[in-house]
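Note that the protein sequences, when read in sequence, are chains A and B.
Note that this note's numbering numbers the first sequence so that position 289 is 289, with each residue one more than the last.
For this note's numbering, count along the second sequence from 1 and bump the result up by 294.
For the record, the hints were derived by calculation from the structure and aren't laboratory data.
Backbone N, C-alpha and C define an ideal beta-carbon position, used for all residues, glycine too.
Be careful, since some hints might not be right.
Calculated from the model, a selection of chain A residues having no Cβ within reach of chain B, i.e. all distances over 10 angstroms [to be verified]: (1) THR3; (2) HIS136; (3) ASP256.
Label pairs and their in silico Cβ distance ranges [as the list claims (entries may be wrong)]: (4) B/GLU352 to A/GLN104: 45 to 53 angstroms; (5) B/GLY320 to A/GLU111: 53 to 61 angstroms; (6) B/GLN317 to A/ILE122: 42 to 50 angstroms; (7) B/ARG310 to A/ARG123: 35 to 43 angstroms.
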Amino acid sequence: MLTVRELVEEFNFEILAGKEGLAKQIEDYSIKRPSAELVGYLTYLTPKRIQIYGRTELGLIQQMEETTRRVNIANVMVKEVPCIIVTRGLPVPEELIDLANERQIPLLTTERSTTRLFYLLIRYLTNHLAPSTLLHGGLVDVYGVGVLITGESGIGKSEVALELIKNGHLLVADDAVEVRRVDEEHVRGRAPKRIKHLLEVRGLGILDVTTLFGESAVRDEKDIHLIVHLEEWQEGKEYDRLGIDPPPTTEILGIDLPKIIVPVRPGRTIATIIEVAVMQNRLRHEKKVPILNL
Amino acid sequence: MEKTFTIKSPSGLHARPAALLVQKAGSFPCDVFLVKGEKKVNAKSIMSLLALGIEANEEIVVITEGEKEAEALQAIGELLEA
């Protein structure tokens with residue numbers, strides 16, 4: 001959920017007209033430079049996109065006959081447009097201001113160039129409008145690999161995370177992880193703001209990892225590469241004994257991630273098992289799977 | 295079972311009341327979830343509850359599933375509206 005108002009605050013846009021529309025939602029993370037539409041080619045108008053008017057668009061408008069100008073602009077500035085941004089602090093034609101007020105479309109200006117604004121906006125919008133979810137589990141950066149530790153409450157996820165931190169790995173989140181799909185191949189996790197870099201260990205309470213272990217024990221976000229699922233050892237269940245085949249995958253926000261199931265039982269140091277799982281997974285990626293001569 | 299409650303305490307559900315709620319939820323055998331907007335968390339986890347950041351006047355849906363779900367729903371509701 002992103003409103004035009006939040007965008008204005010983030011980019012310090014000046015509001016020229018259409019204030020009533022500031023609560024509008026931005027749903028589409030693409031951006032439109034409507035020069036073709038301004039001269040009447042309306043087939044691909046995609047009205048839910050933010051529109052940017054740079055030198056090209058404003059130049060075009062200026063060249064139009066006064067009678068056609070208003071009609072052309074009115075066809076492009078439809079009600080669904082979340083907001084319009086004029087770049088380089090260019091002078092804004094009166095028709096734009098009138099229509100923005102009339103149709104309650106926020107009309108914003110910035111000193112930035114169109115190309116620069118394009119780049120910044122796309123990065124910001126993809127980040128904020130990406131599909132996201134809240135997962136139960138911990139996220140630790142182990143040797144540069146993002147490991148999501150899952151399992152039932154009380155299985156010892158936080159204790160494992162603590163041990164990994166003690167071994168020099170970095171905590172991203174404990175217990176709840178905000179995950180978003182940043183592109184077609186990557187999901188990225190971070191801690192919900194209120195519990196950022198906190199870790200709960202039963203018997204000790206909530207620990208502030210940054211204070212206890214320092215800045216080098218934490219990181220803000222990390223792509224998830226591997227899921228390690230902890231479960232109670234079940235007699236009779238077949239666990240992977242060879243490790244030759246790649247692990248099965250589980251889907252998070254439409255992206256398949258390898259998932260290793262690790263049974264927990266006294267005498268198994270889970271942190272060490274996770275470290276080795278990470279190394280093995282990396283070898284697998286580099287196609288250096290240890291082929292045992294058996 | 296599920297029911298919506300409105301948070302009455304002016305300071306919302308901060309650390310200590312959240313800990314109480316977790317304790318209460320943990321005393322029931324059934325699953326207990328709290329839902330705020332699109333986010334659903336396990337009410338037996340203090341960290342998840344704090345992550346949700348429940349503030350005054352917010353509407354929270356409580357979902358209970360399993361043994362003693364009715365009792366759990368009532369007990370959690372009382373804590374939320376306290």
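Verification of the hints:
no.: 1; hint: THR3; in the structure: holds, 15 angstroms
no.: 2; hint: HIS136; in the structure: violated, 6 angstroms
no.: 3; hint: ASP256; in the structure: holds, 23 angstroms
no.: 4; hint: B/GLU352 to A/GLN104: 45 to 53 angstroms; in the structure: violated, 29 angstroms
no.: 5; hint: B/GLY320 to A/GLU111: 53 to 61 angstroms; in the structure: holds, 56 angstroms
no.: 6; hint: B/GLN317 to A/ILE122: 42 to 50 angstroms; in the structure: holds, 47 angstroms
no.: 7; hint: B/ARG310 to A/ARG123: 35 to 43 angstroms; in the structure: holds, 40 angstroms
Comparing the model with each earlier hint shows violations of hints 2, 4; every other hint is respected.
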